[in-house]
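Visitor: Chain residues, written in single-letter form:
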Amino acid sequence: MTLNGLAVGCIYGLVALGFVLIYKATELVNFAQGDLLMLGAFVAYMAVVWWGLDYWVGFAIAVVVIAVFGALLDATVLRRVIGQPQFAVVMLTIGLGAMFRTFASVTWGSEIYTLPTPFSGVWTVGGVTLSHQYLSIVAGTLVLCGALYGFFTHTRIGVAMQATSQNQLAAYYMGIPVKLIFSLIWAISAGVATVAGILLAPVTLIDINMGLAVALKAFAAAVLGGFGSIPGALVGGIIIGLIELYAGATLPEGFKDTAPYIVLLLMLAVRPQGLFGTLGRKKV
Amino acid sequence: MAEPILKVSNIETYYGPIMAIRGVSFDVPQGGIVTILGANGAGKTTVLKTICGVMDPQKGSVAFEGREIQRTDPDKVMRLGISHVPEGREVFPFLTVRENLRMGAYTRRDPDGVAQDMSTVFGYFPVLKERADQRAGSLSGGEQQMLAISRALMARPKVMLLDEPSLGLSPKLVLEIFDIVTRINRERGVTILLVEQNANMALKVADYGYVLEVGRIVMADTCARLMEKDDIKEFYLGIKDQGARGQRRWKKRKTWR
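Residue numbers (the numbering used here), protein chains in the order written: chain A, 1 to 284; chain B, 1 to 257.
Possibly wrong hints are sitting among the right ones.
As the list claims (entries may be wrong) - The following label-pair restraints were derived from C-beta to C-beta distances:
1) B:Glu228 x A:Ala88: 53 to 59 Å
2) B:Lys129 x A:Val203: 50 to 56 Å
3) B:Asp133 x A:Asp54: 41 to 47 Å
4) B:Asn40 x A:Val90: 36 to 42 Å
5) A:Thr114 x B:Arg108: 47 to 53 Å
6) A:Glu27 x B:Val218: 47 to 53 Å
7) A:Arg156 x B:Ser138: 21 to 27 Å
Just so you know, the hints here were simulated from the structure itself, not pulled from any lab data.
Beta carbons: idealized from backbone N, C-alpha and C, even for Gly.
Start from the sequences, fold in the hints, and give me the full structure.
Guide: Below, the structure is given as structure tokens:
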């Protein structure tokens, strides 16, 4: 039971991570993050079911395709709105999200699909049933976070990404190709969303609106964790996932979907900078 | 004077509708130290930003080693061999000192040379070695300035653009920084373009100086001669002229207007 909440929370955390990465680097909020997740899940579905490829091959193809797509999106569209009012960016990304959904419904139709996965069994440990599906989500999140952490702290380009998000102008002075870095961050962010989408696919099934609810809750998770903090995004996601689950189980009907936002409101009233708030830290 | 490594010709740079640089030209000779003096808002920083590509001039050209580089992206200008130490240091606050220095060497592919240069800059500024694993944001202003200079040096530049390295530092630290700047120039043959408000220090260190006022160059001469000029003494060095009656002339005007 807790595992389920944890697993869903991990998904929120991953999507929130995507929000935070892009926001930290480019100061844009990408409201199309949930739709990238949806596209990723569809590409994986197409690879596995239509073309009959192995699950892991399909997984890899989807991540690469959507990551490249994310990078192209940055290079062609989003780079032009950097420095424009936030509102323009919000409208643009919401619009892009709507376009992706339309594209998906034209291409794949509005049916609901099931992605077959190798995770179908259950383990029973001490009377508690652990489903492999949920375990795979938690394990996938842990592996991905470990990999990202290693990348950002131990590779030259990863550290350059940190540097760029801390001080863009100085990064330019170091000869860091800032524009390329932005595209790479979009690629990573879109790739992370795809992983989340594929892991989530067996739980919620794949349809064109699967990203919407997830993205909204993930946004709440990112705010809860303190927008701009990477561990905050993950912890926020897990908290939202658990709250949702327990509210659904113990409170009257309807609270399942509202409880996370009630907690978010309380949080904003009490500690507006979020759990791992970084307000005022980024001043140079 | 040797062939100029950096030649700025008649640049005009705008902030939106506001003309910040009104046709500035100057040369920086290979291996020299050139300084641009000027008060707040004279356009000193804008000149440097135009050279390194952060701002684009509407007119005029910037030539580096005979090649025009105006309107090039800053990361590409940097790859040609021009390192910029920006005003207000601009270190990466959440990276360690060591990581900051590595970022300075981002464009280099020779790990041995980078390690060697790292120990050289630790030799220039031993305090940075002590704090190598501390976050740059936790350093004092002076240490951050040292870090910014070292970081620029890590790229093995041919030209270093220094924007007010003395800003906000104690007089003792200013001496120390300028001492290192001179050593960098002598020992490593790095050409230096120094922008300063601290005219006293800048004129001592540099060979040749330009005076910038409201976007124009109003005076250009060797630093030794600049130091002797009345206007420089009066308005930049703060040496007050005593009149015949023991009083200061209150209506003294700059002669170049």
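Visitor: Is 36 to 42 Å respected by the C-beta to C-beta distance linking Asn40 of chain B and Val90 of chain A?
Guide: Given range 36 to 42 Å: holds, Cβ gap about 38 Å.
Visitor: Evaluate the given range 41 to 47 Å for the C-beta pair formed by Asp133 of chain B and Asp54 of chain A.
Guide: Since Asp133 of chain B and Asp54 of chain A have Cβ atoms about 45 Å apart, the given range 41 to 47 Å holds.
Visitor: Can you let me know if the beta-carbon spacing of Glu228 of chain B and Ala88 of chain A is within 53 to 59 Å?
Guide: The hinted range 53 to 59 Å holds for Glu228 of chain B and Ala88 of chain A, with Cβ atoms some 56 Å apart.
Visitor: Cβ-Cβ distance between Lys129 of chain B and Val203 of chain A: within 50 to 56 Å?
Guide: 52 Å, holds
Visitor: Hint says 21 to 27 Å; check whether the CB-CB distance for Arg156 of chain A and Ser138 of chain B agrees.
Guide: 23 Å, holds
Visitor: Per the hint of 47 to 53 Å, is the separation of the Cβ atoms of Glu27 of chain A and Val218 of chain B within bounds?
Guide: Taking Cβ atoms as reference, Glu27 of chain A and Val218 of chain B lie about 40 Å apart, which means the hint is violated.
Visitor: Does the Cβ distance between Thr114 of chain A and Arg108 of chain B fall inside 47 to 53 Å?
Guide: At roughly 51 Å between Cβ atoms, Arg108 of chain B and Thr114 of chain A fall inside 47 to 53 Å, so the hint holds.
Violated hints amount to a single one, hint 6; each of the other numbered hints is respected by the structure.
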